[in-house]
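Colleague: Chain by chain, the residues:
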Amino acid sequence: MALDIYKINPEFRDIMPQEIIDLEEKATWSVKMEKARGIKELPQSKELLEEHSLCAGCPEAAALRYVLSALPVPEETVIVNSTGCTSLMFPHIALHTVHSLFGNQNAVASGIKRVLEWRFPDKQKDVVVLAGDGATVDIGLDYTLQSFFRQEKITTICFDNEVYANTGGQESGMTAKGQVFKMAPTGKKFEKVPMWELAKTSGCHYSVNLTASAPKQVAKVVREAILIAREIGPTYINLYTPCILEIGLSANEGLGEMKDQDKGRFEFYKHVSPEAEAYLAKCKEEGLL
Amino acid sequence: MYYVAKVDSDKCADYKCNMCTLYCPEANTLMFDKENNTSWVDEDRCKGCALCVYVCTDLLDRSCITMEMAQAAGE
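Protein sequences appear in the order of chains A and B. Numbering of the first sequence is given in numbering that gives the first Met the number 0, commencing with residue 0 and proceeding in unit increments. Numbering of the second sequence is given in numbering that gives the first Met the number 0, commencing with residue 0 and proceeding in unit increments.
Worth double-checking, as some hints may not be accurate.
As the list claims (entries may be wrong) - Cut-off 27 Å, straight-line C-alpha distance, at most; resulting in silico cross-link-like pairs (BS3-like, lysine-lysine):
#, chain 1, residue 1, chain 2, residue 2
1, B, 15, A, 124
2, A, 176, A, 39
3, A, 199, A, 181
4, B, 33, A, 31
5, A, 215, B, 15
6, A, 258, B, 15
7, A, 215, A, 31
8, A, 283, A, 215
9, A, 219, A, 25
10, A, 191, A, 219
11, A, 262, B, 33
12, A, 122, B, 10
13, A, 34, A, 122
14, B, 10, A, 34
15, A, 191, A, 39
16, A, 262, A, 219
17, A, 258, A, 112
18, A, 219, A, 176
19, A, 39, B, 10
20, A, 269, A, 124
21, A, 187, A, 262
22, B, 5, A, 215
23, A, 34, B, 33
24, A, 39, B, 33
25, A, 281, A, 258
26, B, 5, A, 258
27, A, 258, A, 199
28, A, 39, A, 25
29, A, 112, A, 122
30, A, 219, B, 15
31, B, 33, A, 219
32, A, 199, A, 188
33, A, 215, B, 33
34, A, 181, B, 15
35, A, 215, B, 10
36, A, 262, B, 5
Treat the hints as calculated values from the structure; they're not laboratory data. Note that the structure is predicted; figures quoted are calculated from it, not measured.
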């Protein structure tokens with residue numbers, strides 16, 4: 000049982016930090032829960048994320064909390080990540096995480112998923128890719144789209160902050176037209192890549208574009224995407240988490256920016272293929288959603 | 000010295016809306032106490048972004064959270 004690796008050796012229990020003990024006792028591990036776990040337990044339980052090093056008020060950190068709270072079975076989930084602001088958080092997550100080369104995340108995840116299916120044929124293992132827009136759409140566009148073409152059963156979540164944020168603000172493929180950054184002073188001359196539409200064209204069964212302004216909606220979308228990836232095929236979520244530092248906002252203005260973009264570039268878009276829709280209806284009957 | 004969020008428990012208990020706990024970007028920092036029906040802040044973990052104040056005051060017009068100067072132990 001995968002949960003066993005989170006159990007503390009009784010000999011060492013008295014010297015363990017309280018956070019580690021809480022993780023074993025109070026975290027919402029799926030096998031300990033009577034009902035499906037979800038975002039509603041977030042305010043009272045121990046989270047799977049611990050004291051991350053992102054900026055104060057970073058919307059990406061909030062989005063990661065929602066994503067982790069929405070994983071159906073965290074102890075059987077492998078998260079693949081890539082270079083970027085997101086990779087700063089992964090050492091603080093209490094799950095299996097694999098750090099791939101910049102852009103390789105979907106290729107690495109494909110391999111992991113195939114091996115897990117072969118090694119544990121009787122167990123449902125989820126493989127989730129969490130990466131920034133630079134890794135997903137610029138440097139790793141080839142690997143991302145190829146994994147969709149091959150119909151790999153993985154969930155790809157792109158934290159789209161529209162900029163290479165932790166290297167000082169260079170423009171990325173996801174940057175909006177005309178946007179000026181510190182390292183892109185002339186402004187972007189092309190349109191933003193509509194990655195959620197590319198994902199649909201490339202064979203994703205579930206493709207969503209949204210902002211992280213509504214926690215419950217983010218959790219619902221992540222849950223649906225992971226369930227579809229188990230049975231049907233690849234799923235893609237484009238999640239707007241603005242870099243408040245690079246677009247010049249204060250720490251408490253990230254949420255307002257996301258709410259503005261709910262009506263702008265990140266108007267809710269959702270594509271669900273017919274077979275995925277039928278599967279979701281089945282999941283709802285079984286109480287997985 | 001820096002500012003951390005502080006919840007006015009008496010006011011908060013009237014609403015028990017839980018919204019600030021969801022929007023806080025820090026893990027296990029703004030928590031909800033089910034017995035007293037109020038949110039509370041782990042001050043050692045609070046980075047002082049004041050997002051909870053934006054949610055509580057600007058979005059919901061409830062004004063239960065304020066930013067206050069953190070006190071060192073023993074002060």
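Colleague: If a hint holds in the structure, say so; if it doesn't, say that too.
Modeller: Taking the hints in turn, this is what the structure says about them:
no. : hint            : result
1   : B:15 <-> A:124  : violated (37 Å)
2   : A:176 <-> A:39  : violated (38 Å)
3   : A:199 <-> A:181 : violated (33 Å)
4   : B:33 <-> A:31   : holds (20 Å)
5   : A:215 <-> B:15  : holds (17 Å)
6   : A:258 <-> B:15  : holds (23 Å)
7   : A:215 <-> A:31  : holds (22 Å)
8   : A:283 <-> A:215 : holds (17 Å)
9   : A:219 <-> A:25  : holds (23 Å)
10  : A:191 <-> A:219 : holds (26 Å)
11  : A:262 <-> B:33  : violated (35 Å)
12  : A:122 <-> B:10  : violated (48 Å)
13  : A:34 <-> A:122  : holds (19 Å)
14  : B:10 <-> A:34   : violated (32 Å)
15  : A:191 <-> A:39  : violated (34 Å)
16  : A:262 <-> A:219 : holds (20 Å)
17  : A:258 <-> A:112 : violated (35 Å)
18  : A:219 <-> A:176 : violated (30 Å)
19  : A:39 <-> B:10   : holds (22 Å)
20  : A:269 <-> A:124 : holds (25 Å)
21  : A:187 <-> A:262 : holds (21 Å)
22  : B:5 <-> A:215   : holds (25 Å)
23  : A:34 <-> B:33   : holds (19 Å)
24  : A:39 <-> B:33   : holds (13 Å)
25  : A:281 <-> A:258 : violated (32 Å)
26  : B:5 <-> A:258   : holds (25 Å)
27  : A:258 <-> A:199 : holds (25 Å)
28  : A:39 <-> A:25   : holds (14 Å)
29  : A:112 <-> A:122 : holds (12 Å)
30  : A:219 <-> B:15  : holds (23 Å)
31  : B:33 <-> A:219  : holds (24 Å)
32  : A:199 <-> A:188 : holds (25 Å)
33  : A:215 <-> B:33  : holds (20 Å)
34  : A:181 <-> B:15  : violated (42 Å)
35  : A:215 <-> B:10  : holds (25 Å)
36  : A:262 <-> B:5   : violated (32 Å)
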